[in-house]
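Using the sequences plus the hints, can you model the full thing?
For reference, the chains in residue letters:
There are 2 protein chains.
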Amino acid sequence: MIRISIDAMGGDHGPDVVVPALATVATRRPDIRFIVYGREEIVGPILARFPKLAGVSELIHCEVAVRMDDKPSQALRNGRWKSSMWKAIEAVKNGTADACISAGNTGALMAMSKFCLRTMATIDRPAIAAIWPTLRGESVVLDVGATIGADAHQLVDFAILGTGMARSVFGVERPTVGLLNVGVEEIKGQEEVKDAGRMLREANLASMDYRGFVEGNDIGKGTVDVVVTEGFSGNIALKTAEGTARQFAQYLREAMSRTLMARLGYILARSAFNRLREKLDVGRSNGGVFLGLNGIVVKSHGGADANGFAAAVELGYDMVRNRLLDRIEADLDLFHARNPKAASLQRSGAETEEE
Amino acid sequence: MIRISIDAMGGDHGPDVVVPALATVATRRPDIRFIVYGREEIVGPILARFPKLAGVSELIHCEVAVRMDDKPSQALRNGRWKSSMWKAIEAVKNGTADACISAGNTGALMAMSKFCLRTMATIDRPAIAAIWPTLRGESVVLDVGATIGADAHQLVDFAILGTGMARSVFGVERPTVGLLNVGVEEIKGQEEVKDAGRMLREANLASMDYRGFVEGNDIGKGTVDVVVTEGFSGNIALKTAEGTARQFAQYLREAMSRTLMARLGYILARSAFNRLREKLDVGRSNGGVFLGLNGIVVKSHGGADANGFAAAVELGYDMVRNRLLDRIEADLDLFHARNPKAASLQRSGAETEEE
Chain X
1 MIRISIDAMG GDHGPDVVVP ALATVATRRP DIRFIVYGRE EIVGPILARF
51 PKLAGVSELI HCEVAVRMDD KPSQALRNGR WKSSMWKAIE AVKNGTADAC
101 ISAGNTGALM AMSKFCLRTM ATIDRPAIAA IWPTLRGESV VLDVGATIGA
151 DAHQLVDFAI LGTGMARSVF GVERPTVGLL NVGVEEIKGQ EEVKDAGRML
201 REANLASMDY RGFVEGNDIG KGTVDVVVTE GFSGNIALKT AEGTARQFAQ
251 YLREAMSRTL MARLGYILAR SAFNRLREKL DVGRSNGGVF LGLNGIVVKS
301 HGGADANGFA AAVELGYDMV RNRLLDRIEA DLDLFHARNP KAASLQRSGA
351 ETEEE
Chain Z
1 MIRISIDAMG GDHGPDVVVP ALATVATRRP DIRFIVYGRE EIVGPILARF
51 PKLAGVSELI HCEVAVRMDD KPSQALRNGR WKSSMWKAIE AVKNGTADAC
101 ISAGNTGALM AMSKFCLRTM ATIDRPAIAA IWPTLRGESV VLDVGATIGA
151 DAHQLVDFAI LGTGMARSVF GVERPTVGLL NVGVEEIKGQ EEVKDAGRML
201 REANLASMDY RGFVEGNDIG KGTVDVVVTE GFSGNIALKT AEGTARQFAQ
251 YLREAMSRTL MARLGYILAR SAFNRLREKL DVGRSNGGVF LGLNGIVVKS
301 HGGADANGFA AAVELGYDMV RNRLLDRIEA DLDLFHARNP KAASLQRSGA
351 ETEEE
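Top to bottom, those sequences are chains X and Z. So for the first sequence, the UniProt record's numbering puts the first residue at 1; every next one is plus one. So for the second sequence, the UniProt record's numbering puts the first residue at 1; every next one is plus one.
Treat the hints with care, as some may be off.
As the list makes no split between identical chains, a pair holds if one copy fits it or if it spans any two.
Quick list of in silico lysine-lysine cross-link-like pairs, DSS-like style, CA-CA up to 27 angstroms [said to hold, decoys possible]:
{"hint": "1", "residue 1": "K71", "residue 2": "K194"}
{"hint": "2", "residue 1": "K114", "residue 2": "K52"}
{"hint": "3", "residue 1": "K221", "residue 2": "K71"}
{"hint": "4", "residue 1": "K52", "residue 2": "K194"}
Since the hints were derived computationally from the structure, they do not count as laboratory data. All of these numbers come straight from a predicted model, not from anything done at the bench.
In structure tokens form, the structure reads like this:
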């Protein structure tokens, strides 16, 4: 049995999308159980429409809901201990749930997750990992925006975290890993990327096939299973890809309505176009996974529909099923056992890093 | 009359693509003159096939050609004073040409351009600007990879350089400008982006409509005419967009050949698809413009066909015609006259920056 805690009040559409999504998942994964946090008078009636779902769910009333435009500090001040978002995360901490899913605002969810679950022992900072559709299937890209900047040790941590995720989500035994870099040689800067590359090569972990540097266009090609970068570049890469995909979809619509022949062609090929549209949902369908915390938190896209939210729930389910946290902890232990200096350096770094 | 110096040996296809491209441009821009640098025995026979072009061109023999895989330092060592790339740049320095176009390797072209032309008086570092197709037309994005990292002063310089380019290429009197950033608030880091924003707002230049921060997805939307960022993020954004566009094209091909109906639809809509393909050439068609140097250098994409190289030549032509350098110099003077402190800070920064 896998128990998932749900923040029913998050996202642009709240329980209207969340509850139907859970109903879908409940029929597909019979061993799933839900603890649903939200306002009883709103969530209760929607839940009642899905008797099967209601049978595997417990609804817990929360007076407070974090708003989509709350700043992280506001959300912590007003929503800690009592909001549906906090309660859903806390269920993971208390062990009443195995993973938490929310479509609420990213900054608030990250702030609360860090505060409640804390980072893993040897990890300075959590990362947000996205599942990126590629020409070869899917890749994990991280960090896509948890923190700006990362030193070499943090990039190595991200590589280990991302590897654990790729193993537990894609079922690849030894995922290929690349560090995102720019192609021009002999230029200054980004020493941390080069240092991280050296450390990964030297560590030579059994669970990770480190392949060196990759460039922006390698993400879409699917050159590696895990693409590692710091949060600023990662966020810009993700958003730029989203923008380009939307641009392409718009061009396509325009092109296909310009002439009678094109319109006729469009009608004939409609199912192909629909398939195409699904494929292009870069970063929208599953949202982000928070890695490096003592618990699994999945952030569904705020604008996700029921299919999108269901995908996020199933992603959380799969990571629990495939023992994501155990895998990550084993890899971290192995890395630090082999690199005691790195571990101590990292700890001292962490102290100066915290405020 | 506008005189363009051409490195005929650059690019994956060399003079086979370069010379036919020049022939096209010569018919479209009757007041253009070319100084073509390359190996006479190779370029001469191709030029002879285009008598009209030969009439407006001077071919100057260069024994040495920079290779596409030469490192910048190698290229400088082996190609300085004598290669077709160097000679084409030097023609701009000597005033025998108004702009230089090369499809040769980016690192080598930038190293030689910096060495030969030097940066403008108040500019620390040159930037590479890309013309980015958007839903609203085109935008200038810089820096897409000249240097990794940029402080606030350098970002302000890039904003002024990009504004000059948008004015002279798009003919917009007061281009809108945005600084690329990530959306999450209340996170550490990227102080330089915030500082640059403050400086641009305070400077309140007549030629620039500064609009604040933009995110990755705003590039494709065309939210602003000029997107400013440092070279690492800029390069990753550009390459990621290229990757996504190529991914989309591949998905489209697959989708349109899967069923008989889809294939029939494709045939009917073929011209619409061809138009679409052209639109998606993010960063390929025109290549990059080197800004911040005492002279105009345009880098055409190495894999460009004759149309692509012709577009790069016409871009150089347009920037000369519309007095790009004068506009930039006037804006820089205005900015530094109003911000004498910024100017002196910048100069001292430049000293510590240089090796």
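Checked hints:
no.	hint	result
1	K71 - K194	between (35 angstroms within a copy, 18 angstroms between copies)
2	K114 - K52	neither (34 angstroms within a copy, 70 angstroms between copies)
3	K221 - K71	between (36 angstroms within a copy, 26 angstroms between copies)
4	K52 - K194	neither (53 angstroms within a copy, 52 angstroms between copies)
In the structure shown, a violation is registered for the earlier hints numbered 2 and 4, in ascending order.
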